[in-house]
Structures are given as structure tokens and as C-alpha cells.
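As given, the protein sequences belong to chains A and B, one line each in that order.
The C-terminal position of the first sequence is numbered 237 in our numbering, with every residue numbered one higher than the one before it.
The C-terminal position of the second sequence is numbered 1184 in our numbering, with every residue numbered one higher than the one before it.
Think of the hints as simulated: they come from the structure by calculation, not from any bench.
Computed from a predicted structure; not experimentally measured.
Idealized CB from N, CA, C, for every residue including glycine.
Fair warning: there could be bad hints in the mix.
Stated by the list, open to error - Coverage of chain B stretches by chain A, computed from C-beta distances (three or more under 8 angstroms per stretch; other residues unrestricted):
(1) 1007 to 1017
(2) 1093 to 1099
(3) 1133 to 1141
(4) 1146 to 1159
For reference, the chains in residue letters:
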Amino acid sequence: MSQTVFLLDGLPVAFSEGQTIIEAATAAGVFIPHLCHHADFAPQGSCKLCTVKANGRYVSACTLPAKDGMEVENNTPDLNDKRRTLLQMLFVEGNHFCPACEKSGNCLLQALAYELEMLSPHFPEFYPDRPVDASHPEVLLDFNRCILCELCVRASRDVDGKHVFALSGRGIGKHLIVNAESGRLADTDFSLADKAAQVCPVGVILEKRRGFSVPIGRRRYDQTAISTQLESPAVPR
Amino acid sequence: MNGVGREHRLRLATASLAGCFGCHMSLLDIDERLFDLLERVEIDRSPLTDVKHCSPCDIGLIEGGLCNAENVHVLREFRRQCKVLIAIGACALTGGLPAQRNHLPLGQCLQEVYLTGPGIVGGQIPNDPELPLPLDKVHPIHEVVRVDYFIPGCPPSGEAIWKFLNDLLDGRTPRLGHPLLHFD
């Protein structure tokens, strides 16, 4: 039996049974923009940044298994326009003030905005009123930047076995919470060694006293586009 | 420069609203290329010329967001007078640093700054009728007027501004790729 292959922007990509479109594409060296997808975790499919067109239908590349002979569009003006709009909505929905963010230059949201040439937020800013939680001795939580990707929720639940984080509320009221009666991170068994402390793609979960140890301008996505860095998006601090 | 006579130069206006003039400093960071720029544009209203009102212009560069009534007035004059309006820098695009007060009631901000802050004795909240009234919230400029182009950055580098203006003056669609496109 011949190898199974699908077409990604017209180029043949080999895959093994059960691989999703984004897994096969990444293995073949092709970048598909994504935020909530992480190679170490089960697919989530919530951010929709990885939306591609498979056999004419919009689907999430992180959840749909590749199929033999499937024709997938990825890097097209139509899809990139839609992805840019998703980014703009994420930017105005939170408080993403990059010039004052410790994560600037290592941030997946920002790197995708560079990649997709998002020049303005386009929509009116929400300026939501969100708290910070500095109670933990080693880690700061700044909820202003949360994009609800649930990577910390998944990491804490599936890897650390601690269930420190969860999402609460519905619709625009949905937000990240800490599972403690007080709601404070200090009142959980969360530790800096947890997987959940390492996976935040934006600047919500930050190690204290590390902020600018690598200066702005010399960080992961400052000089090199994210599309040319295909390894796991877990970001070094 | 492309054999364009000085009499055919385009007119460029600039303004800083609720900004720190960092974007203007970045414009000056193009250094001696300012002479090349001045071969191609004539500077109208700008903090660089100290002209206070905008004549009909081809290009308007606006730094800073909207934090008071005068900012809105200046912005609207720019929009009326400029064929192409460019928002430059984080404050013009997102509200930026001044917008960090948006989570606090304005009255509370004024009280703390002028009355109850550390070291203040006998302070008073300024109320001279000539002072423009602060807005309840700080806003980016695209929420009030149509903006044609955006140059992000805090500030954008001189290189980014130079590339952008040259693309525009040469009739190309301005484009900032890696690593000129920056939000910080």
C-alpha cells in the first residue's frame, strides 16, 4: 500500500494514520498559525487561529485528522485575513499593552500578530477591568493578558495533577480562575516546577524576578519570524 | 531625489496628542536622511516647525491617543486637512500608556495626583477655563476618525518610519515586515 498523502497549499505532505493536519504539517516543516494548540497536549480547538480550508470547508487544523487525498489550503490571503481578525478581537478583548509586558518578544500572540502583519487593533478597545494576583512567592498572575487558551488548565490537570486553574463564566464573561477558596494562587499547591508554570503563550503566568533578564530586542521572536521556528511553542523565558 | 523639484514637494504635518514625543524622536532618528526627506516633503504644522494649525496637507502623522477635548479637536482638524492620515505608535493605535488610567475613575485619578498623593500640601485640582477638559477614558484615534495607515511600536524605530514613508512617497503600499514591525 502506498504512503498516505494530503495536499497542503498544493504540495504533497505525507502523514501517518491518526495525525492531525497541524501535526503532519509541522512534521513536514510547514507553519500553521496557532495559539491554543501545543504538541504536548490533547487538541483543544478553541482559538481557531489554525483554521484551514480542507476540501472546501473551514476546519481547525489542530483537531481534524489528515485524510488521504485531502486538499488543504493554509497560507492564503482569505485565511490570513480571518486569522488577523481573530487576533484583533483577542487584542481588544484583553489589555495587551505590549510596551509594558515582560513577555514582549517571547509572546505567541504578539509573534502571530507580527507574522500576520496585524498593524492595528481595528476594533474599539474593551479595556476590561481585570485583577493581578501577586500572592504567590514565585509567580505573578496578570489576568489582563489571558486569551482563554486553557493551556495552563490542561497542564495543571493532565500533567501536574493539581487542577490549579479553570475557566469560569460564559461568553464575554468567561475568565480564568484559580481553584482556591480565596481565589489566590498562594493558597494552592502551585509551584514554579509545574508544567502549568511553563506553558502560558502570553504574559499571564510570569516567574517573578526574571522579567527583563533577557532584554527587549534580543528575545525569541524579535528578530526571527515565528513561521521559521517550528519547534514546540513552549516559550523560553 | 527622483528629479522632483522642491516646488512639487508633498506637504507633511505631524502632531503629538496624548503621547510622550517618543515617536517624534524616532522620526528625528532617521538622522541625516532628514535632508533626503525634506527634498521630498515640506513640513507644515508640526512641533518641529512650531506651526499650530494645519493647512491642507498630503500626509498627516499623528502620535498619541485622545485624553482630552483638545486632542479630539486637533485630530479632527488633521483629518479634515490631510489626504492621508497615519497613526504612529502604541498610544495612537491602542491608547497606550495614558490608557492605563482607564481602569480608575477620572475623579479618583485627579484627587490622588493633585490632592492626596505623597508630599502634596494645599494642592488643588486645576480648573482654569483655558485648560482642555480630560476625557472620561483615553481612546485610540481610530475610534474617532478614519485612519488610513498604522505604524505600531513604542516607539517605532527610525528605520521603520523611514521605510514606511519611502514606500508611501514612492507610491508603494507601505509594508513593515520582520524585524521592523514591533509592538514594544
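Tested hints:
1. Counting residues of the stretch 1007 to 1017 of chain B whose CB falls under 8 angstroms from any CB of chain A gives 0; the rule of at least 3 is not met.
2. Under a criterion of three residues with beta carbons nearer than 8 angstroms to beta carbons of chain A, the stated coverage of the stretch 1093 to 1099 of chain B is upheld, 6 such residues being counted.
3. Counting residues of the stretch 1133 to 1141 of chain B whose CB falls under 8 angstroms from any CB of chain A gives 3; the rule of at least 3 is met.
4. Counting residues of the stretch 1146 to 1159 of chain B whose beta carbon lies closer than 8 angstroms to any beta carbon of chain A gives 6, which meets the minimum of three for the stated coverage.
Hint 1 alone, counting from the list given before, is not met by this structure.
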